[in-house]
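There are 2 protein chains.
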Amino acid sequence: MNIALLQINPTAGDLRGNAALLSTAAQAAAARGADLAVSPELALAGYPPHDLLLSADFVTRSWTQIDLLARELADGPPTLIGLPELHPSNDGRPLFNTVALIRGGRIEQRIRSARIPADTALDESRYFEPFHGTQTIDIAGRRVGISFCADRWNDRNPHDPIEALARDKAQVIVALAASPFACGKHALREQRLADLARRHQVPLVYVNQFGGNDDLVFDGRSCGFSAAGAPIARGASFDADVVLCDITRTEPIGAPTDLDAESELWSALVLGTRDYARKCGFGSAVLGLSGGIDSALVAAIAVEALGPSHVLGVMMPSPYSSRGSVDDSAALAATLGIDTLTLPIEDAMTAMDRTLAAAFAGTARDVTEENLQARIRGTLLMALSNKRGSLLLTTGNKSELAVGYCTLYGDMAGGLAVIADVPKTMVYRVARWVNATRGTLIPESILTKAPSAELRPNQTDQDSLPPYDLLDDILQRHIERHESADTIVAAGFDPHTVHRVLRLVRHAEFKRKQAAPGLQVTTRAFGAGWRMPIAAKYEP
Amino acid sequence: MNIALLQINPTAGDLRGNAALLSTAAQAAAARGADLAVSPELALAGYPPHDLLLSADFVTRSWTQIDLLARELADGPPTLIGLPELHPSNDGRPLFNTVALIRGGRIEQRIRSARIPADTALDESRYFEPFHGTQTIDIAGRRVGISFCADRWNDRNPHDPIEALARDKAQVIVALAASPFACGKHALREQRLADLARRHQVPLVYVNQFGGNDDLVFDGRSCGFSAAGAPIARGASFDADVVLCDITRTEPIGAPTDLDAESELWSALVLGTRDYARKCGFGSAVLGLSGGIDSALVAAIAVEALGPSHVLGVMMPSPYSSRGSVDDSAALAATLGIDTLTLPIEDAMTAMDRTLAAAFAGTARDVTEENLQARIRGTLLMALSNKRGSLLLTTGNKSELAVGYCTLYGDMAGGLAVIADVPKTMVYRVARWVNATRGTLIPESILTKAPSAELRPNQTDQDSLPPYDLLDDILQRHIERHESADTIVAAGFDPHTVHRVLRLVRHAEFKRKQAAPGLQVTTRAFGAGWRMPIAAKYEP
Chain A
111 MNIALLQINP TAGDLRGNAA LLSTAAQAAA ARGADLAVSP ELALAGYPPH DLLLSADFVT
171 RSWTQIDLLA RELADGPPTL IGLPELHPSN DGRPLFNTVA LIRGGRIEQR IRSARIPADT
231 ALDESRYFEP FHGTQTIDIA GRRVGISFCA DRWNDRNPHD PIEALARDKA QVIVALAASP
291 FACGKHALRE QRLADLARRH QVPLVYVNQF GGNDDLVFDG RSCGFSAAGA PIARGASFDA
351 DVVLCDITRT EPIGAPTDLD AESELWSALV LGTRDYARKC GFGSAVLGLS GGIDSALVAA
411 IAVEALGPSH VLGVMMPSPY SSRGSVDDSA ALAATLGIDT LTLPIEDAMT AMDRTLAAAF
471 AGTARDVTEE NLQARIRGTL LMALSNKRGS LLLTTGNKSE LAVGYCTLYG DMAGGLAVIA
531 DVPKTMVYRV ARWVNATRGT LIPESILTKA PSAELRPNQT DQDSLPPYDL LDDILQRHIE
591 RHESADTIVA AGFDPHTVHR VLRLVRHAEF KRKQAAPGLQ VTTRAFGAGW RMPIAAKYEP
Chain B
111 MNIALLQINP TAGDLRGNAA LLSTAAQAAA ARGADLAVSP ELALAGYPPH DLLLSADFVT
171 RSWTQIDLLA RELADGPPTL IGLPELHPSN DGRPLFNTVA LIRGGRIEQR IRSARIPADT
231 ALDESRYFEP FHGTQTIDIA GRRVGISFCA DRWNDRNPHD PIEALARDKA QVIVALAASP
291 FACGKHALRE QRLADLARRH QVPLVYVNQF GGNDDLVFDG RSCGFSAAGA PIARGASFDA
351 DVVLCDITRT EPIGAPTDLD AESELWSALV LGTRDYARKC GFGSAVLGLS GGIDSALVAA
411 IAVEALGPSH VLGVMMPSPY SSRGSVDDSA ALAATLGIDT LTLPIEDAMT AMDRTLAAAF
471 AGTARDVTEE NLQARIRGTL LMALSNKRGS LLLTTGNKSE LAVGYCTLYG DMAGGLAVIA
531 DVPKTMVYRV ARWVNATRGT LIPESILTKA PSAELRPNQT DQDSLPPYDL LDDILQRHIE
591 RHESADTIVA AGFDPHTVHR VLRLVRHAEF KRKQAAPGLQ VTTRAFGAGW RMPIAAKYEP
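Protein chains in written order, with the working numbering: chain A, 111 to 650; chain B, 111 to 650.
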């Protein structure tokens, strides 16, 4: 029995476009002799549809669209398509998270998710209600069990998503998923899926979407496992694919070869940037080049995502900028092959100072004047973005965003925060990996100089922050592993440093609340995964 | 039997502070002869605690705190306190939403919520799991049933939150709540609670917190109902109270007298502004005065919340500003008794134009130049905010924010968006109410002039937008009532206008994603109540 995994790149809300992608993929599957084709979870709606699900009209139109799709694919193999379904009672809500089986030109069966997970990108429980009905269908003489988002049940959750299907004598498990990328997650995912197949002695296929949708990136990598838990099929990473999986195969394929962190991150960031621009209708991007590592890496990502002729780098030197910063940016632009503009900000700084002179009379210079420089730059970049219709990419990293080492409406300005979930130490690792695998795109001097915001003379990041390797370690423990100050100190870190860092994190909440969407690449990004009150009083 | 409703104003995360508020209130209740004292929901944690709940340390410390509180209140009446509880299995998550009964210096019993609602301000299902155990306690010879958030089950939800308690022979129902204010909600809430009491023929008391926490405002108005459904007790609106409710009382008290929309909104916005400033540690506020109605109303709110000597109004005229705008702002500042600064922006505009001249050579003037003015103003205001340590209040209304008639990092800049959930037509209504009830604080000319952003010569809002009464009607249908374009057109609106407005709403998503927290005063505010994808393709 051949099951085709339709690894498509849907767009939230684009019912017609998503149906077209599914149709093309299903027809390819038919041509290759598939006995069953399977879409990712909620594929027709485009995951994650968020509050579009609160519109009854949206859900209704999904069913109009799937009727058309069923007729279009009437001659093809039976196909499973994920979409939201109105509740038959009340006024349609809460919804069901449903999979429609289309066969012979019509909807033959509806399978509804029996579990609504908490703590996911979509907040499923905001929209869906569990439904306790049959989760199996019969295809080509085999009983097929349908699982929703099988990898979301981690080891902490005692529930086994396949157990009930196995009890119902399913002979193969089909898991529809829309599982956001996080660095290192795919290795665990394959292990988890293999364990489930082996435990229940049943072949299992897993269909994941790929592509970027706002802050989420999906890595595809749909896969199949034999009843013995051996990998027997695997889809492309971060790309479209129609994967044909012969579920009777027992001979294992090789392990994935692209699981190193730098390579995964690079692919995710490029795809996330490309799709955000494309799905928002931008053909070009603009970004500030400071001479530092962050903007250099984002420029390289933008070039890979959009092509060098669609990226503009802007140098905005101030009297505090070093000569090296401008030279390094120019050298970077030359190796990347992008256009640049140089807009010195001294004139605007002087005008602002003059405008505020009376109001600031008698006060000392402080962070206000540093923020003014950053905000003049943000304003200039937004003006270029507005005038050219280009997407402004903001270049701050996760370490900065965590401790508030960034200026709201200044360097935080932009439509997409490309590396907002990449810690500074990882920014360096990915940059070095880029240079090692793609030729020296990023000048060595950018990689070796001390990081500096250059907002006052001779400033470096390390004047106000602990060394980045130490900082990133503390941040990862606190953010991703939920460790409190006491726990981190008990692990051997300096108490003063730990408390200072966590206090900085707390006090930067108001900035992050207004941050641009940032591509999520860890298990816990700022944004939907980090929901902290601002007006709070708690020392973590 | 006297039940004391401890209507306090907790702060998220402030375990010690919240315990102190509860202690003071419980002691007042004891002095007045209460047989039982009851806190709002999750009162010790401070609702909504959001992702503080993901910290096991935070939950553990809550229990340390309640042990101290129990000992402190050892001589007082039995007291019910809401707080989160670690799951005994796994690593503590998901949590239980728990109420601890403290009596005689110790925790005597734990009652856990059996239902975790979806679609609330806190996303309860992200943190909590239902627990099916007893929901009753025995106090003074009476069986008391504990209900969590009884008003969250609306008519659409078939579940009756009191039914199981009535079956368990509860002789009185105690409902712990933290129910955010929305205009018009309290009248429905009292009706709903009265219905529940009457249906089950059991007295019911409802304890709600008051105060502002980030974007949410809580109105207090804790209340009690006889078994016949008559109102028998009611707490203060938008203020602290310890309400003693004799549940044997049958004679009704009067209906609430402060339910008119303008009065409710004014109180909510003042309290929300005051608490956001206080809980974030700001003693003063700054805002731009444009001469328009929005900034005039926000200034009046700020003065009521913080006192005139703690509010600074800033006029930032451009060459496009009318003389009337500056004069009206000066007159407003005079009636409000606040200081002003005048910072003309022409100098900064010229510097920006000069800086961008080469880059913009050969292009026509467009919205870019309008945004530049707004962003220069935003930058000046943030500089004042930074230098003076004042909270910048942003003054945009809900209608503007809906259709994107506002500039990101410009007039949208600020720490708190005071009227971001107030439609323009309601801004006028509240402003007129202020003048009618508090003397003419807002000059009549501000109320009568045509609204204008004054970003180009002779511009008015109505050049680009439908009349505000029409716009607000369409917006309310779409945002609060989830109506699609087809439904709104079917109700008699011009199809072209409806489609244009909903398209504007869709295309402003990227701006709202970076908006300042806005005080929520309707049933659906932008922010946590409106979660739309940006990179989406859907015509509503």
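Hints were generated in silico from the structure; no laboratory data involved. Take these hints with a grain of salt, some might be off.
Chain copies aren't distinguished; within one or between two, either way the pair holds.
Stated by the list, open to error - Result set (EDC-like, lysine to aspartate or glutamate): computed pairs, CA atoms no more than 20 Å apart in a straight line:
1) K295 <-> D356
2) K559 <-> E218
3) K559 <-> D463
4) K295 <-> E456
5) K559 <-> E273
6) K647 <-> D161
7) K621 <-> D161
8) K295 <-> D305
9) K295 <-> E361
10) K621 <-> D596
11) K621 <-> D305
12) K621 <-> E554
13) K621 <-> D177
request  = Would you list, in rising numerical order, the hints stated earlier that this structure does not obey?
outcome  = The structure breaks hints 1, 2, 3, 4, 5, 9, 10, 11, 12 and 13; every other hint is satisfied.
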